[in-house]
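Which chain is which? The protein sequence lines are G and X, in order.
Residue numbers for the first sequence follow our numbering, beginning at 1 and rising by one.
Residue numbers for the second sequence follow our numbering, beginning at 1 and rising by one.
Derived from the structure by calculation, the hints contain no laboratory data.
All of these numbers come straight from a predicted model, not from anything done at the bench.
Ideal placement from N, C-alpha and C gives every residue a C-beta, glycine not left out.
Treat the hints with care, since some could be wrong.
Quick list of the computed label-pair ranges, beta carbon to beta carbon [said to hold, decoys possible]:
#1 G/A15 with X/S123: 44 to 50 angstroms
#2 G/D65 with X/G300: 53 to 59 angstroms
#3 X/P88 with G/G8: 55 to 61 angstroms
#4 G/A15 with X/I183: 30 to 36 angstroms
#5 X/Q254 with G/R68: 18 to 24 angstroms
#6 G/P70 with X/I102: 57 to 63 angstroms
#7 G/R118 with X/G300: 37 to 43 angstroms
#8 X/G300 with G/L163: 53 to 59 angstroms
#9 X/P98 with G/R56: 53 to 59 angstroms
#10 G/R56 with X/M1: 36 to 42 angstroms
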Amino acid sequence: MSLLSVQGLSARYGAAQALFDVSLEVAQGEVLALMGRNGMGKTTTVKAICRMLPARGMARFDGHDLLRLPVHRAARLGIGLVPEGRRCFAPLTVAENLLAAARPGHWNAARIGALFPRLAERKGQRAASLSGGEQQMLAVARALMTNPRLLILDEATEGLAPLIRAEIWAAIARLKGETGLSILVIDKSLRELSAVADRATILERGRSVWTGKMTALSDDIAAEHLGV
Amino acid sequence: MNERWLNAAVVAGLVAFPLWALWMDEPFLITLATRAVILALAGVGLNIALGLGGLVSLGHAAFFGIGGYAMGILASHAQAYAPIMEWPFLIEGTKSMPVIWIVAMLAAALAALAIGALSLRTSGVYFIMITLAFGQMLYYFAISWPAYGGEDGLSIYVRNGFPGLNTLAPAPFYGLCLTVLLIALAAHWQIARSPFGLALNAARQSPARVETVGIAPFRLRLVAFTVSGAITGLAGALFADLNRFVSPVMFSWQTSGEIMVFVILGGVARLFGPVVGAVVFITLEHWLGGLSDYWHIYLGALLLGVVLFARGGLIGLVAGRGGHE
Chain G
1 MSLLSVQGLS
11 ARYGAAQALF
21 DVSLEVAQGE
31 VLALMGRNGM
41 GKTTTVKAIC
51 RMLPARGMAR
61 FDGHDLLRLP
71 VHRAARLGIG
81 LVPEGRRCFA
91 PLTVAENLLA
101 AARPGHWNAA
111 RIGALFPRLA
121 ERKGQRAASL
131 SGGEQQMLAV
141 ARALMTNPRL
151 LILDEATEGL
161 APLIRAEIWA
171 AIARLKGETG
181 LSILVIDKSL
191 RELSAVADRA
201 TILERGRSVW
211 TGKMTALSDD
221 IAAEHLGV
Chain X
1 MNERWLNAAV
11 VAGLVAFPLW
21 ALWMDEPFLI
31 TLATRAVILA
41 LAGVGLNIAL
51 GLGGLVSLGH
61 AAFFGIGGYA
71 MGILASHAQA
81 YAPIMEWPFL
91 IEGTKSMPVI
101 WIVAMLAAAL
111 AALAIGALSL
121 RTSGVYFIMI
131 TLAFGQMLYY
141 FAISWPAYGG
151 EDGLSIYVRN
161 GFPGLNTLAP
171 APFYGLCLTV
181 LLIALAAHWQ
191 IARSPFGLAL
201 NAARQSPARV
211 ETVGIAPFRL
221 RLVAFTVSGA
231 ITGLAGALFA
241 DLNRFVSPVM
251 FSWQTSGEIM
261 VFVILGGVAR
271 LFGPVVGAVV
281 FITLEHWLGG
291 LSDYWHIYLG
301 ALLLGVVLFA
311 RGGLIGLVAG
321 RGGHE
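Let the hints inform the model, and build the full structure from the sequences given.
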């Protein structure tokens, strides 16, 4: 049974409809890559799932109807979001960012420190003074501190230096291999997604147009829907 | 100067001041310092809502007044040997400060819970206006409540008692108020560092981000507003005991404004901000008030200077910008 099941999801920004018919599934312990060119509705889909945007259709998480819940209740069910653009709590220190979000479970400050040693070294430093890559690590760490069952990563490596990108992808691979966490990941790097994702769903103009195993994503499909 | 050292210096000054006043044979100065300490306590209460939660409440006089009237009602009935109510159950007055404090805090907390539950659904200028309206509502209610003095207020003839202390003497009562203030400051310090306080601070900056980690900003703010109201209510009870008098003025919007001035003057969200603000305010009131009836003009100029040039308040001016501004 899927942990997250989305069927026929539609959403709009005011008068402009952004999603028409999005369907996707994330099973327990699975990594799903949500792919598509710019402006095809990936971030909007995530916002709709996390209840940050009103939506219609069906979105169920572990049997709960997400579309009836406020944002914080959806998060409390076990959805950890790493939003596009990092969005840390800027005036708080690294340690305070983690403590503010903490809920009981596997992930605590010590385990976060082992996953991201850079953050452990900067635990007393304000989030606003961290580099972009470190802020991104903090955003991932903060989401993990909520001890989610599904982690959603929206462009988690966008605009980062190759070295930092590699660290974040290594952390995602560790999360998959060692914790069995379900992950929904949005990224533009097909090569790195291929290394961690089990399956992929491709969006085009607000619709899911292809879903399948990552190994089945052929060059032709990538060229047709992703332009690569 | 490091903020911790500055805070320690303020505490040392507050402890040493009554000793100096006694040595100078100036007991009135102890009473003046007691007033500053109690008003600082009200500021500590507001600082939890304003400093940690970013809630600009112009209605905190409501809780200050509720605390004051809780003391006034309980003490006046105890002095008159007349029960507050006899049916359906007997409630008598009391002259015991600890009991009065508990009642004052509970009453103020309940009022804050109710006012917060309604006003926290709004934000910005609407929140300011709603809290102001609640404060004024209680002000006019107190004016039209003849049973407890109406517009003239209510006098208490003897200060209430605290086990083992002569509360009629200025120094012990000052020590008691200072102890309560230090406990409230310790509570504020603990709250600010707790996951609750950190989330509250984060919600001040971005409620939407806090929601995505499973926290409801409304609940955080409601709890903070309630705790804030309870502490301000306790200050109101002590203030009424200091003056042995309660009046509707305690509910007025000017009182709310003064409490906010203490916080802004000393430094919003700075732990000792309200303490420094209240001490400076009372000092100016006493010193400049002796020179001119228009001393508020000078206070206004100082406040303007602080807001324009010292965003961290007087504490920020000395210790530098820091904390969670």
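Now the hints, each set against the structure:
1. G/A15 with X/S123: 44 to 50 angstroms: Violated: the Cβ-Cβ distance is about 26 angstroms, outside 44 to 50 angstroms.
2. G/D65 with X/G300: 53 to 59 angstroms: holds (56 angstroms)
3. X/P88 with G/G8: 55 to 61 angstroms: holds (59 angstroms)
4. G/A15 with X/I183: 30 to 36 angstroms: For G/A15 and X/I183 the Cβ distance comes to about 56 angstroms; the hint is violated.
5. X/Q254 with G/R68: 18 to 24 angstroms: Distance hint for X/Q254, G/R68 is violated at roughly 47 angstroms.
6. G/P70 with X/I102: 57 to 63 angstroms: Between G/P70 and X/I102, where Cβ atoms are some 35 angstroms apart, the hint is violated.
7. G/R118 with X/G300: 37 to 43 angstroms: Roughly 49 angstroms apart at Cβ, these two residues miss the hinted range, so it is violated.
8. X/G300 with G/L163: 53 to 59 angstroms: The hint (53 to 59 angstroms, Cβ to Cβ) holds, given that X/G300 and G/L163 are roughly 55 angstroms apart.
9. X/P98 with G/R56: 53 to 59 angstroms: Given range 53 to 59 angstroms: holds, Cβ gap about 58 angstroms.
10. G/R56 with X/M1: 36 to 42 angstroms: At 59 angstroms between Cβs, range violated.
Consistency with the previously given hints fails for numbers 1, 4, 5, 6, 7 and 10, ordered from lowest to highest.
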